[in-house]
Each structure stands twice: as structure tokens, then as C-alpha cells.
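Asks: Residue numbers (my numbering), protein chains in the order written: chain A, 1 to 265; chain B, 1 to 265.
Read the hints as simulated data drawn from the structure, not as lab findings. Each residue gets a CB set at the ideal place from its N, CA and C atoms; glycine is no exception. One thing to keep in mind: the hints can contain errors.
[Claimed, not checked] With beta-carbon atoms standing in for the labels, derived distance ranges:
hint, chain 1, residue 1, chain 2, residue 2, range
1, B, 175, A, 161, 43 to 51 angstroms
2, B, 161, A, 253, 28 to 36 angstroms
3, A, 98, B, 72, 45 to 53 angstroms
4, B, 170, A, 77, 46 to 54 angstroms
5, A, 177, B, 232, 56 to 64 angstroms
6, B, 242, A, 146, 28 to 36 angstroms
[What the hints assert, rightly or not] Think about it this way: if two alpha-carbon atoms lie no more than 25 angstroms apart in a straight line, the pair counts; the simulated BS3-like pairs of lysine-lysine are:
hint, chain 1, residue 1, chain 2, residue 2
7, A, 161, A, 72
8, B, 72, B, 161
9, B, 203, A, 202
10, B, 235, A, 203
11, B, 72, B, 5
12, B, 202, A, 202
13, B, 173, A, 203
14, B, 202, A, 235
15, B, 173, B, 161
16, B, 202, A, 173
17, B, 5, A, 173
18, B, 161, B, 235
19, A, 235, A, 161
20, A, 5, A, 72
21, B, 203, A, 235
22, A, 173, A, 161
[As the list claims (entries may be wrong)] Covered stretches of chain B, as calculated for chain A (at least 3 residues, CB under 8 angstroms):
hint, region
23, 58-66
24, 106-113
25, 154-162
26, 194-206
27, 214-220
28, 234-247
2 protein chains.
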Amino acid sequence: MTDNKEAYPPHSRTTVKRLPNRGVYDYNTIHSILDSIPILHVSFNPPTSSPDEPQFPVVLPMLGSIGNFANKSQTLNTGPQCIYLHGSSAARMMRLGSSSESQGFPVTVAATKLDGYVLALTPFNHSCNYRSAVVNGLAYEVVDEEEKMWALTLITEGIVKGRWDGSRVPPTKAEMTATGVLRVEIQTGSAKIREGGPHDDKKDLRDHASVERVWTGVVPAWETVGDPVASETNKVERVPQYLNEWVEEMRILNEEQAVGAALRD
Amino acid sequence: MTDNKEAYPPHSRTTVKRLPNRGVYDYNTIHSILDSIPILHVSFNPPTSSPDEPQFPVVLPMLGSIGNFANKSQTLNTGPQCIYLHGSSAARMMRLGSSSESQGFPVTVAATKLDGYVLALTPFNHSCNYRSAVVNGLAYEVVDEEEKMWALTLITEGIVKGRWDGSRVPPTKAEMTATGVLRVEIQTGSAKIREGGPHDDKKDLRDHASVERVWTGVVPAWETVGDPVASETNKVERVPQYLNEWVEEMRILNEEQAVGAALRD
Numbered sequence: 001m002t003d004n005k006e007a008y009p010p011h012s013r014t015t016v017k018r019l020p021n022r023g024v025y026d027y028n029t030i031h032s033i034l035d036s037i038p039i040l041h042v043s044f045n046p047p048t049s050s051p052d053e054p055q056f057p058v059v060l061p062m063l064g065s066i067g068n069f070a071n072k073s074q075t076l077n078t079g080p081q082c083i084y085l086h087g088s089s090a091a092r093m094m095r096l097g098s099s100s101e102s103q104g105f106p107v108t109v110a111a112t113k114l115d116g117y118v119l120a121l122t123p124f125n126h127s128c129n130y131r132s133a134v135v136n137g138l139a140y141e142v143v144d145e146e147e148k149m150w151a152l153t154l155i156t157e158g159i160v161k162g163r164w165d166g167s168r169v170p171p172t173k174a175e176m177t178a179t180g181v182l183r184v185e186i187q188t189g190s191a192k193i194r195e196g197g198p199h200d201d202k203k204d205l206r207d208h209a210s211v212e213r214v215w216t217g218v219v220p221a222w223e224t225v226g227d228p229v230a231s232e233t234n235k236v237e238r239v240p241q242y243l244n245e246w247v248e249e250m251r252i253l254n255e256e257q258a259v260g261a262a263l264r265d
Numbered sequence: 001m002t003d004n005k006e007a008y009p010p011h012s013r014t015t016v017k018r019l020p021n022r023g024v025y026d027y028n029t030i031h032s033i034l035d036s037i038p039i040l041h042v043s044f045n046p047p048t049s050s051p052d053e054p055q056f057p058v059v060l061p062m063l064g065s066i067g068n069f070a071n072k073s074q075t076l077n078t079g080p081q082c083i084y085l086h087g088s089s090a091a092r093m094m095r096l097g098s099s100s101e102s103q104g105f106p107v108t109v110a111a112t113k114l115d116g117y118v119l120a121l122t123p124f125n126h127s128c129n130y131r132s133a134v135v136n137g138l139a140y141e142v143v144d145e146e147e148k149m150w151a152l153t154l155i156t157e158g159i160v161k162g163r164w165d166g167s168r169v170p171p172t173k174a175e176m177t178a179t180g181v182l183r184v185e186i187q188t189g190s191a192k193i194r195e196g197g198p199h200d201d202k203k204d205l206r207d208h209a210s211v212e213r214v215w216t217g218v219v220p221a222w223e224t225v226g227d228p229v230a231s232e233t234n235k236v237e238r239v240p241q242y243l244n245e246w247v248e249e250m251r252i253l254n255e256e257q258a259v260g261a262a263l264r265d
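If we strip away everything but chain A, and leave its shape as in the complex, we get:
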């Protein structure tokens, strides 16, 4: 599936082993999944005090965005890219990023979007439609002020398009100091996509008693958004146009994606 497309190099860490035909390695697929999912799951190994203790990776839900300050004209089709993550500069992970500034520290970033519940004749063949991407890379604290500002704009715009200019910018010096940004330079990655209806075994499809009794198909699932709820301190009477457009787009595109996935073969 990676023919004629630029892709991350195969690596034993990220090669999809189970159902390898679901594995995709091209830049565009991996980046698009990461780009369309607001909450990323970021995993890393904290320095342990005792080497005898079991090594539990840390997993943190974080907001982030795909981008590359060193090559801003890159699109999702090109790579390698970076993921910019933001958090408090006091957070453990940010401190890890600054203490190992020269080397970076290894992180794994996962993003998964559920597109539907796939109901087959048997529990065994039940599945989900989903898109997931998992990438490995080294994380560095962003110290360059220009790159940091650019990354924060990227992350804010990645959540709600139009919001950066729609809010009080630029951030103050104190805000910038209190905010930490990590740049994860993606080394390897893979995506998995499952679409379409259930795949039942031929034997089960010939079993009339089951086929007559068991409804099979897909229940599409997607993230939708509600009408904006103004805060108690809000003084702007009308919801701004960029926000209404974004709400409308989220509702339509996410539903289309999920229903489309249910109907594909």
C-alpha cells in the first residue's frame, strides 16, 4: 500500500504484525490521522530510581499538532515531520525534555479514532472500524522563541481554526515562560485502518439458523460537537463566524467519515 508514496522507513518497532494488510506507512496517512485527532496519547519511560522495579511506561493524554518549523512549507504528504506537544513548563515531561536537550528522549505517540462498531454473526468476528497511528521519535524542548510561538499557534489553530487571531494574542512573556513545548522528531511510524462491514466465516454464513436470527452490520460512531455554551464572563453576544463554521464542519466531516467507512468494502 505504500507504492509510489513517500513513507516512513520500515522498522521492526512499528511494522504492523497482526493483520499486516491493515498496516500503512505513507506520510500522508500517518500525518492525517495524527492531525485529525485532538487528544494524543504520549508514552515514555521515566528515569527509575530502582532498576529492580517493574518498568511501567508513563502515558499522558496531550494536545499536539503535526508540523515542521525547519521546513514550514511541508504538507501532510511529505516528511519526516514533527509533532509539537504543549504543557506546563513545570511538568515532569517538559523537564525531561530540557535536561536531555542535546540527545532528546524517546517517546511513542498514539492517536486512535473510532469510526464504528462492526457487528458480525459471531462475537469472534466482531470488530471496530478505526484509524490509528503510532509513531516513535525523540523529544526535545523547544527553546527558540520564534519556533515556540509558531508551535503554539499551530496547536491552537489545530484545535479550532481561526481561534489564534480570535483570542487575545500574542501571549505575554509570563505566559510564554509558563508554557513548555516539546518537539518530537518522528523517526518511524505506522498506521492501521479498518473499514467496511463484518467479515463472517463462510461456514457461519451457511448456518441458516444464525443468519436468520443475527443482525449484522456497522453502527457508525464519530465525535460530534454541540452548540457553543457561552461562559459566565463572556460579553460577545454572537458566536463568531469562524467558530460556527468550525462547528458545522466538524459535525459534517466527522459523520461523513464514519458513515463512509461503514459503507466501504
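Fit chain B to the known structure of chain A by using the hints.
Replies: What follows is chain B alone, placed relative to chain A:
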């Protein structure tokens, strides 16, 4: 926040360091979050061939369910509990579970639900409403046939209530052999919850130019489901009642949760 509630013991691994007032440790909160999120992110360290290579944790999106075969009468309010995960018995993780059967291997399971986008006066105070739970535990392959069948029922029912009996059961011997189930015995865990509207700085709230221009509030977000799409091989004309009820419940409860979170203080 854990007064008078049974809770997982505090541990440096899982204590919420950033914004500690968002950290919750009681059984019910942690279990309810894990229970309400279909896709869990499971992280572990694979055995590495070279100790000099950077240690990237593996992260896999998996389906799973909270439960305890050894004490089936446990509710979400009691603990400690287990998470049952299922996958192909050929999957790398399942093999890890069986090879280290006696000891278990350390895994971290994370579940995050986005409840809304919180739009403040400044990008710095933007946030998300969400519920997340992260637990650590040792994972064991489930070898007892009765426990395995029980766990598969739990996972299937945890996705769509009524579906186990609504499909062709029990699984065949071949299906059972091809399916692997892991039991993660939770040792420690924590949850983080963010609800309500934006928290703007007093200084910004006094800045009339910003307040008159910037709309602030919450855009609630939740997972919704579409009308069931029958498969090409489906022969059951009407969508079964348990499925329609589940669809209806998902739509209403998830929206209520997200809008409720936006309105809470």
C-alpha cells in the same frame, strides 16, 4: 477528593503532579472512566534486543473491559479490579503474557474521553474538558477456559449491551484458541477530570478591548452513533430492539455528559 471512598493507594508513578486538584484516586471514578471508553491505549516495554537502542514503549489501541473473575460481585465502586484485554493469541503482546505467565509483565492502560473545547480569552488559558484514567498493573494471559469465556462475554457486552446473546454463541473451540485474553491486575491508578468553563486571569477580564472582542465559552464534544448500516450478507430485516436501545442510550447519555460538563463550575 478521596475522603470516605475506597481508592487505589497513592504511588509516585500515578500521583497527578500537574494541577493536583484535578487528580482523583477513588475506585469508582477510575473504573467508570475505563468502563465508558471503548478504545483503551495499552503501553508496555517490549524485550529489546539491544540495550543501547532507545527504549520506545509500545502503544496499542485495544478493546477491553473492567471486571474481576475472582470476585464477580465487585462493582465499579470496589477494588482493586482487573482490565481484560483481548486480541489474537498470535499477537506479540499475548505471547509476552504467556511466556511470563508466572510473573506477569508491566503495562500501563490509559483511557481518555474528550468532553469539550474550552475557549478562553487567551490561547494560554485554552483547555479541554475531559476525563482520563491511567492505571498500572501486571498482565497475565488468561488460561482458565471459564475465565476466558467470561471475559469475552464481558468485553462484547461492554461494547454493545445485549450483543453476546444476540449473536451466534458460544464460540467454537477454534475461535477460543485463536483468541487471546490478557488480565491486567491493577496496582495503582489515577484519574483526571476537567469540567466547566474557561478560567481567565483577572487581568485579562479587566481588559475591555479583549473582553468586548473575544467570545469565550465551551464547545461540548462527544461520541455519537449513527443509524445501524446493515451488512451485505445481513438477512434480518429489522434492527433488533437491544441495538436500537443501545444506539438511543449512547446518543443521549454521551451528549448529556458533554453538555453537563460544560455547564458545571
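Asks: Hint by hint, say whether it matches the structure.
Replies: Hint by hint, here is what the structure shows:
{"no.": "1", "hint": "B:175 / A:161: 43 to 51 angstroms", "in the structure": "46 angstroms, holds"}
{"no.": "2", "hint": "B:161 / A:253: 28 to 36 angstroms", "in the structure": "29 angstroms, holds"}
{"no.": "3", "hint": "A:98 / B:72: 45 to 53 angstroms", "in the structure": "48 angstroms, holds"}
{"no.": "4", "hint": "B:170 / A:77: 46 to 54 angstroms", "in the structure": "48 angstroms, holds"}
{"no.": "5", "hint": "A:177 / B:232: 56 to 64 angstroms", "in the structure": "59 angstroms, holds"}
{"no.": "6", "hint": "B:242 / A:146: 28 to 36 angstroms", "in the structure": "57 angstroms, violated"}
{"no.": "7", "hint": "A:161 / A:72", "in the structure": "18 angstroms, holds"}
{"no.": "8", "hint": "B:72 / B:161", "in the structure": "18 angstroms, holds"}
{"no.": "9", "hint": "B:203 / A:202", "in the structure": "68 angstroms, violated"}
{"no.": "10", "hint": "B:235 / A:203", "in the structure": "16 angstroms, holds"}
{"no.": "11", "hint": "B:72 / B:5", "in the structure": "20 angstroms, holds"}
{"no.": "12", "hint": "B:202 / A:202", "in the structure": "66 angstroms, violated"}
{"no.": "13", "hint": "B:173 / A:203", "in the structure": "14 angstroms, holds"}
{"no.": "14", "hint": "B:202 / A:235", "in the structure": "15 angstroms, holds"}
{"no.": "15", "hint": "B:173 / B:161", "in the structure": "24 angstroms, holds"}
{"no.": "16", "hint": "B:202 / A:173", "in the structure": "17 angstroms, holds"}
{"no.": "17", "hint": "B:5 / A:173", "in the structure": "42 angstroms, violated"}
{"no.": "18", "hint": "B:161 / B:235", "in the structure": "21 angstroms, holds"}
{"no.": "19", "hint": "A:235 / A:161", "in the structure": "21 angstroms, holds"}
{"no.": "20", "hint": "A:5 / A:72", "in the structure": "20 angstroms, holds"}
{"no.": "21", "hint": "B:203 / A:235", "in the structure": "16 angstroms, holds"}
{"no.": "22", "hint": "A:173 / A:161", "in the structure": "24 angstroms, holds"}
{"no.": "23", "hint": "58-66", "in the structure": "holds (count 5)"}
{"no.": "24", "hint": "106-113", "in the structure": "holds (count 6)"}
{"no.": "25", "hint": "154-162", "in the structure": "holds (count 3)"}
{"no.": "26", "hint": "194-206", "in the structure": "holds (count 5)"}
{"no.": "27", "hint": "214-220", "in the structure": "holds (count 7)"}
{"no.": "28", "hint": "234-247", "in the structure": "holds (count 8)"}
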